[in-house]
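Colleague: With this note's numbering applied, the sequence shown has no gaps in its numbers, which climb one by one up to 110 at the end.
Each statement offered as a hint is correct.
Distance windows between CB atoms, simulated:
#1 M82 with A104: 26 to 32 Å
#2 A104 with G84: 26 to 32 Å
#3 G103 with S79: 19 to 25 Å
#4 M81 with A104: 25 to 31 Å
#5 H83 with A104: 27 to 33 Å
#6 G103 with G77: 18 to 24 Å
#7 E71 with A104: 15 to 21 Å
#8 S79 with E100: 17 to 23 Å
#9 S79 with A102: 16 to 22 Å
Everything labelled a hint here was simulated from the structure, so no lab data went into it.
The beta carbon of each residue, even a glycine, is placed where N, CA and C say it ideally should be.
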Amino acid sequence: EEAAEVIGVSIMMHGGPATIYGARAYDAFCEFAGAGGAQSA
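I would like the entire structure built from these sequences, with the hints used as guidance.
Modeller: Here you go:
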């Protein structure tokens with residue numbers, strides 16, 4: 070949820086490139102998080 074919020078703010082602040090790369094970054098984040106990559110210490 071926090072990652073989506075950060076990407077949303079980035080899109081609002083920067084427009085152009087953030088609209089393209091924001092979606093790609095979110096897809097990558099979801100794939101990483103779904104693969105169990107985010108491990109707690």
